Amino acid sequence: MRTGWQAYAIRTFLHGAFLILLLVFETSFFSVFPLRGVTPDLVLIAAISVGVLRGYLSGAAFGFAGGMLADILTGRLIGLGALILAAVGAAAGSLGQRIESERIPVVLLFNVAGAALYLSFYGAGAWAFGVHMPVWEGVAALAPWLMAYNGALSLLLHPFLRRAYRFLDAVYIVPRAPTSGVQGR
Amino acid sequence: MRHRGFVVILIVALLLIVSGVIFRTATYREGLTLPEQAVYEVVAPLQRAANRVASSLRSALDSLKSWRTLNEENARLREEVQALRMERDRLLEAGRQNEQLRQLLELVEPAGGELLAAEVIARSPSNWLGSITISRGRVHGVAPGMAVVAPEGAVGKVRNVTERTAEVVLITDSRSAVGGRVRDRGHLVLVEGTSDPTEERATVRLLDWEADLRVGDVVVASELSWIFPKGLPIGVVEQVHERESGLAPYGTLRPFVDLARLEWVMVVLAEPIEAPWWEETP
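These protein sequences, in sequence, are chains A and B. Under our numbering, think of the first position of the first sequence as 1, with each following residue one higher. Under our numbering, think of the first position of the second sequence as 1, with each following residue one higher.
Please note: incorrect hints may appear among the correct ones.
Stated by the list, open to error - Quick list of the computed label-pair ranges, beta carbon to beta carbon:
1) B:85 with A:13: 29 to 37 Å
2) A:156 with B:79: 43 to 51 Å
3) B:45 with A:5: 54 to 62 Å
4) B:17 with A:124: 41 to 49 Å
Unchecked claim - Part of the chain A face toward chain B, derived, beta carbon under 10 Å:
5) 21
6) 29
7) 106
8) 108
9) 112
10) 170
11) 171
If you are wondering where the hints come from, they were derived from the structure by calculation, not from laboratory data. If you're wondering where the values come from, they're calculated on a predicted model, not measured in any experiment. Cβ coordinates follow ideal geometry from the N, Cα and C atoms, glycine included.
Input sequences plus hints: build the corresponding full structure.
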C-alpha cells in the first residue's frame, strides 16, 4: 500500500496509459467497425465515467487531457475538443453528486446526452473559429449513431472503470480533496 | 478567498492560451510541432497492432457472411477475370501505341512516380474530419502534398508527415478539392469533399455552366489536378442536383475506392508541386 506523492504519481501514470490505450482503440480498432460511418468516442465515455465516479475536478482534468491528446491526433482545432470534454466531464461529476448516478439508466442517459452535447459544441466551436462546415447538418447526421454507439459501449466501460477505481482505492491510498465528489462507491 | 481568486486567474489564463492554440491550428499549418510528432510516433506501433487485430476480426466476420454466396461469387469472379484479361490485353496494346505517339510528339509524362505501399494504421479520432494515418513517413521518402492512391483510384493527399507516419486527408474530407474531368464527355469538374461524415461521398461541380452532368458519369483526375496523375479514376456520379439559378449544376460522387474499409494504399513518390488555389488544403 502506498500513500502520498508515490500514489499520486502511479495514479497519474495509470490514467495517462489508460488514455493512450483508449485513443488507440478508438482510432485503430473501433474505426474498423463504424456504425453508419461513425466511430465511438471512448475518451468522452471515460471522461463522463471518471466525473461520475471521482467528482467534477477529476472528470474535468481527465476530459481535458484526453481531449488534448485526441485533438493532437486530429491535427486541427487543437484544444477545442479538450475544453468541451473537460466541461462534459465536470458536468457529469457535478450532476453525479446530486443524483443516484451509479444506476445503469443514469449512466446511459449521461452518455447519450454527453455525445449530443459534445458534437453540438464541437461543430459550433469549429464554426466560431472559422472552420466552415454545415454544423447542424453534421450534428444531425452524426448524433444518433454516436449516441447509440457511445451509449452501448458505456455499459461496458463504466463498470470496468468502477472496478478499476475500487482496486486503486484498495491498493493506493491518496488523500482526497474535499471537492472531489462522490467517491469510493 | 485569495485561493479562489488564484484559481479563477489560472482558469482564465488557461482558457486564453487554449483559445490561442485553437485559433492557430484552425487553418492550414506547415508541418507538425515536436509534441505532435512525439504523440504520433508513440501511438503508431500500438495503432498498427490494434488495427491488425481489428482487420483480422473483420476479415473473419466477412468470411462468415460470404460463406453462403461463395460458389456464386466464384463463378462470377471467373467470368470477370476472363473479361479483365481481354481488357488488359487491349489496354496494353493501346498503352504501347500511346507511348510511341508520346515519343513522336515529345510530350512530358504527367505527374506520376514510384509507388510506395503503406498500411492504414488509424483514422482521425474526430468524426467531423476524414483523414487516415499511414505507416510510412519522412524516412521512407513521403512528403506533404504527395498523392495517395489505391488500385481502384484516388484516395487523398498527404497533409503532414512524421518520421514513420503520415496523415492523409481523404478526397471526401471537407478540406479536399481535386480537379477532375467527366471521362466520356470531357467536361471539367471540381471534386470537393463534403461535411457529411457519415457518407463517404464528395460533391462534383461542373466548371462549365453550359455543360451537363449525368448519373453514372465517371470522373477522373484532369490536367487541372496538380496532385493526382491525369486520368486516375476518382468516382462515379450517383446523384445530380437541380440547377439553381446562377449556379453551375452539381452532383454527388461515390469514390471508386471504399474509403471506409481501406487497409493498404500507395503513395505516389513524385516531387510534390505547390498546389493551385483550388486544390489547397485549408
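Status of the hint placing residue 108 of chain A at chain B (closest C-beta pair under 10 Å): violated (20 Å)
With 10 Å as the cut and Cβ atoms as the points, is residue 106 of chain A at the interface with chain B? Check failed: Cβ of residue 106 of chain A comes no nearer than 25 Å to chain B, outside 10 Å.
Between residue 45 of chain B and residue 5 of chain A, is the Cβ distance one that fits in 54 to 62 Å? violated (31 Å)
Pairwise beta carbon distance, residue 156 of chain A to residue 79 of chain B, judged against the given window 43 to 51 Å: holds (45 Å)
Restraint check, 10 Å cut-off on beta carbons, for residue 170 of chain A near chain B: Result: violated, 28 Å to nearest chain B Cβ.
When the nearest CB of chain B is found for residue 112 of chain A, is that gap smaller than 10 Å? violated (16 Å)
Residue 29 of chain A as an interface hint toward chain B, with CB separation required under 10 Å: Status holds, d = 4 Å.
Determine whether the Cβ-Cβ distance between residue 17 of chain B and residue 124 of chain A falls within the hinted range of 41 to 49 Å. For residue 17 of chain B and residue 124 of chain A the Cβ distance comes to about 21 Å; the hint is violated.
Would the stated hint for residue 21 of chain A survive a check requiring a Cβ distance to chain B of less than 10 Å? holds (8 Å)
Does the CB of residue 171 of chain A sit less than 10 Å away from some CB of chain B? violated (25 Å)
A range of 29 to 37 Å was offered for this pair. Does it hold for the Cβ distance of residue 85 of chain B and residue 13 of chain A? violated (59 Å)
Hint check: violations occur at hints 1, 3, 4, 7, 8, 9, 10, 11; the rest are consistent with the structure.
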